[in-house]
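Colleague: Following the hints, complete the assembly by docking chains B, C and D onto the known chain A.
This is what each chain is made of:
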Amino acid sequence: METIVSVKPLLAVLVTLFVIPILVSSSSKPNVRESWIFIAGTIKLLLVLSMLPVILEGKQIVLTLFEIAPGAAIAFRVDGLGMLFAIVAASLYLVTSVYSIGYMRGLDEHGQTRFVSFFALAISATIGAAFSANLMTLYLFYEVLSLATYPLVTHHQDANSRLSGRRYLTFILGTSIGLVLPAMIYCYSVTGTLEFSTAGIFAAGELSKPAATVLLLMFVFGFAKAGIMPFHTWLPAAMVAPTPVSALLHAVAVVKVGVFSIVRIITGIFGVELLSEFNLGVMVMTIASVTILVSSCIALSQDELKRRLAFSTISQLSYIVFGVALLTPQGLLGGVIHIAMHAFGKITLFFCAGAIFVATGKKYISQMSGLGKKMPFTFAAFFIGALGVIGLPPSGGFYSKWNLILGTLEAQQTIFMLVLLLSSFLNAFYFLPIIYKGFFGKSEEEGDGPVKIQEANLCLLIPLMFTAFISIVLFFYPTVFVKLINIGLGLL
Amino acid sequence: MTDLLPLIVAKYNYWLYVILMMIGLYAMIAKNNLIKKLVGMNIFQTAIILFYVSIGYKKDATIPIIQSAHGGGHGAHEAAIHAADYINPLPHVLMLTAIVVSVATFGVAMALAVRVYQRYQTLEEDELRMRLSEK
Amino acid sequence: MDNYPALIVVAPLLAALFAGIAAWIEERLSYPIAVIGLAISTFSAIMTLMTVIASGTIHYRMAGWAPPMGIEYRIDLLNAMVLLLVSGIAFLNLIASYKSVEQETSDRAGSFYTIYLLFVTGLLGVTATGDLFNLYVLIEITSLTSYAMVALGDKDRGPLASLNYVFIGVIGASFYLLGVGYLYLITGSLNMMDVAGILPALKGSSTVLVAFILCMIGVWIKMALFPMHVWLPNAYSYSPVAFARMVAPLMTKVMVYVMIRLMVTVFGFEYIFETLNIADAVVWLATLAILAGGVMALAQKNLKKMLTYIIVCEIGYMVGGAWMGNQLGMTGAILHILNDAIMTFALFLAVGNMVYKLKKVDLTDLKGLFGKMPWTMTGFVLAAFSIIGVPPTCGFFSKWYLILGALEKGAYHFAAALIISSLICAVLFFKVFEICFFEPMSEGHGHGESHSQVAIEEAPISMLIITGFVSLSLIVVGLYSGTIVNTIILPFLK
Amino acid sequence: MRVLAFIIVCLTGALLLYGTGEFPDWGDPQSPASVHLSNVYIEKALEQTQVPNLVTAVLADYRGFDTMFETAVVFCAGLACFLLLRDFREKKERYYRHTPTGVILHVKDSKKIIKVGKEFAHMDKNWVPSDLIIKSVCRILIPFIQIYALYVVAHGDFSPGGGFQGGVIFGSSLILLAISYDLKTLVRRIKEKVLGIWAAVGVLIYVGIAAICMPMGGNFLDYSVLAPLVWDPHHVRALGMLGVEIGVGIAVTAVMAIIYINIVSEGRHEEGL
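Protein sequences appear in the order of chains A, B, C and D. Just so we're aligned, residue 2 is where the first sequence starts under the working numbering, counting upward by one. Just so we're aligned, residue 249 is where the second sequence starts under the working numbering, counting upward by one. Just so we're aligned, residue 10 is where the third sequence starts under the working numbering, counting upward by one. Just so we're aligned, residue 41 is where the fourth sequence starts under the working numbering, counting upward by one.
If you're looking for bench data, these hints aren't it; they were derived computationally from the structure. Since no wrong hints were added, every one of them can be taken at face value.
DSSO-like mimics (lysine-lysine), calculated; alpha carbons at most 27 Å apart, straight line:
1. LYS164/C - LYS284/B
2. LYS164/C - LYS279/B
3. LYS224/D - LYS158/D
4. LYS368/C - LYS381/C
5. LYS381/C - LYS30/A
6. LYS233/D - LYS164/C
7. LYS175/D - LYS165/D
8. LYS148/D - LYS224/D
9. LYS418/C - LYS210/A
10. LYS231/D - LYS175/D
11. LYS369/C - LYS164/C
12. LYS307/B - LYS84/D
13. LYS158/D - LYS175/D
14. LYS376/C - LYS164/C
15. LYS363/A - LYS438/A
16. LYS212/C - LYS259/B
17. LYS381/C - LYS310/C
18. LYS368/C - LYS108/C
19. LYS376/C - LYS310/C
20. LYS366/C - LYS310/C
21. LYS9/A - LYS484/A
Okay, chain A solo, but in the shape it has when bound (with noise of 0.2 Å):
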């Protein structure tokens, strides 16, 4: 494969960590501050947009920095999955600046220097991860993503947030620690090597299938943002957190980078072949399955909007999980393109979420009826939002769950299509009556007569609008993102 050398990756990462000081010295001036954060996001995506092209062509970029040891460097290499997942992450930090300003400014909440500050650190991390080369890089930041998100989590400085935040932490922290760290450093001592490559960095009979198993169960449970119950429960502790923050990080970057490490495991570390060899995606299926059909039947039960979105990203998280563990085409492609599609199906619901908050100050969807009167965009952007998790056309959703039931399909696993089936009801069982409440039910405190629209401001409004169209969008025209797929796993 044709590789290039260049910084631009490099610089993708920097530019919002180098803006940090200037936030922070501009704390005073609120306006100035978020004008920046507008240039070094935009400066951002066009850097990751620039890259785009070449990729497309099949080559791949290439930045080493820091030779650590013979194999695991500090080094950046741009492929198709990181691409992918770049441009997501970097498109949708831009839209959510737009609505932290609004929903922060418009709760009045305290210490935004800060919040903007470690937003555009988790947001670094983020792309430093999509762009690594090997797990080392991978890892570190994926480290540094967690403690990023830290303060973020525990922004309130309540009782509540502290408990939280020791929650996130605990399962953060000791599981990449406890699990991902020693089955790390156990593959490199015996491969001497945490290049990611498409054949899997074990040569043949390196690896017995029991030690297999328990290097992928670590890893599989060790990246534990993934969400993989059952070290899930961080993840709707982490909703007290500002709605900015829960949909970028917690729909998108943080849960997303967990993910995509596991997919980087899969196919990067162990290798599409050598698990099927060991027959080892039917496990790590097994237990996607059982995460995505418990949680969503946890999801049924939340009041709490938030909490509910929760759950459900705790399912849908599942889903790509699950259909890279098909090992097949067909179901990596379906896996990985979700990455995508549910992003902006879910960052969508959570600025809804958010809307309804600073409008109405109401979190609990028993609360919510009649309330699609007063906002009917925010209600349709979050039925937009609700098909493209639920995967109904016409919304980006679809495609992925398309491709995956075609993967279970391909891989004969008719019992896990059923799965996938059950647990699109539950999902639609789980959102359309908000909507339903929303537009037809009786609102508690008025009576009949014509309903004044009560919409948020327009920073917020903008946003959800934006990324609900983006998700009818991909539905249409997801080729970009396909070609990017088979190119990263080198299916073309």
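Modeller: This is chains B, C and D only, laid out in the frame that chain A set:
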């Protein structure tokens, strides 16, 4: 036992140093009074000095000062110097250093003991422990 | 100038003497004299390191006598690195110390700097020397100075802590001296290289075995390896901040260096790992040290005390790595000497800043510190992450090598202990962060700007700059650890 | 604790004795320690250093670097005692004695300053009149002790002795003064400041002589390059050693006095033995 006895006799100096050193060590660990501990410490260090100095000893040899050279440099080269005639100077040098070090340590330790006494009016360890746990 | 190796040690000694004289005549002069002395020393250390990297080991004959007769400074890559580390940290700390010395020991600042310089001289001498007995004398200089310093800090408990330190320190040093005596008796030499040349012929000798054990126990006591650590927590936490900041990162690390020097240069790997069968036991001891240090740190209510137990824990890392008996473990141990020194220094710098403002640092005193001292806390957080082992801070990379070494040897218990200690450290530090971040707990949701309007009360700028510099160097050293391993550690071990 | 101590002691003792098993017999001239290095010292030292006292030759030349730090240790101990104990606060109560009559004045308020003439002497609380015989004997003895100390320092190259020994003897003469008269007499004779400076200067003489060798083109401590500076180039090493021994003597004397004064008076420099 018959084998051990000549062994002990030939190296009784080492046995003595070990016994002396262990007396010091025991005092350092087991004594309750800080000054007694200090005394133990001194015995302990002195035992090491004894050990070193006894390394330097040679049978039928004299102190390491070249005799013929007294009073002038020229005579020195005439009489050949036999290494067997003089005991080993090196351990003495080392122990001069070690003595100084132990004196210095002892001085500082005494100063510390004075400070402890000024503060707590006692040098018994159990009383000190009681005073500390009271707070 | 060929005299750089001597200058590294002599410059601080001369400065100490001048500062001692100045203390009686014009006390204000002591500080600049000390700064100049350490600056020369650091500069010489840099030059020496560069020379060693470029052209190999330096042999410097004191008084011009050839090695077994006279004392020789034998500076290879390992010493050169540690020398630079020691002089650099001492220099930086001195700059950061001006204000805290003014605050804590203003009435005898001149004598304080004199003792400080003598301590540095001792550490540098221990590191540079190639002579077993010279090492002992210099260990005693560092010990004597630290006895004095420990007693100077906390007026109440300092003297007693120091006296206990004296007892244990004397036993440690005497054991080492005795070990050297046994070695001298059987080999007739005191020069490290000379002894190393004679020893292989005496492989089975019980005297050599006892000499080895005595030297090791002596050094372990001095480096506070569990369970010989009892003196360390009190001694370090009661000493004046300006001194604690230097003694905590350097003293134990230099002793680890001595251990590695004895193992690699004097007794040799072959003797230790093939003739003797104690490596496994020592690795278990190190494992215990790691776990015990971590658990005891959890029980502490004072930040300084807590950090001292973390030092005990980190000692286990290095001892375990060095006794792994393979190249990876040794690489990890040596790299960790460097990394741990820097990160402990960073931690104590931050704590020093806190002490400067808060006077005492029980955990409950730290409430709201993120708001009050944001810069200090940034440094503290970075250093804490390094201790936990979060990449890209340097703590991660040495841990990486240590675990690799443990896996290669099959010492899974040690690898597990390293991971567990990371987790324990994470718990420890986040306990601190939570107090600093959440308390005093706000009512309700904490909306509104009023919550964050805590007046910033930072430490003096000189202390902040050093804190910032050292914290950043944590990351820089971490990222360049590959280079360090390739240019210094691997050539040394070959 | 006692049992534990006993066990530790027994174990350590056994270990040490185990090590002695393969020792050469005591006084064996063929033991490695007596052969490897020491023979070289014994046979070559006089020729190389012009100093017949081998201990001095090894101490101040071959291993002069050790000795330099040893002097630093001494200095360090003195400084440590000073730092730990010196207490500059005024005593609250003071006693004055009218020398001709023996009337004692007791001043309770520390702030009150009384101007007293020479006939009043500041005295200790538990004052015992010095014994005339002791005083007189010591008065005669002390100068001789001091001269002897100087001899020991100066003649260290040729006979047993040297800086440490001479310094200690000189220091003890000062202590004798304090014991036979009282501490105040000593402190009046030699000011604290002088002692402090002398302690550092003594070490500085040593380090200075050693350091001058570097700009002269030799290694640190290499006395031979100092030949152009001295009157007798043939004995340059012996002279160098004499120089450092003088430094050592000064430092040791001063430190002995500092340690004594601070410990006996608990840092007040007033009362005490």
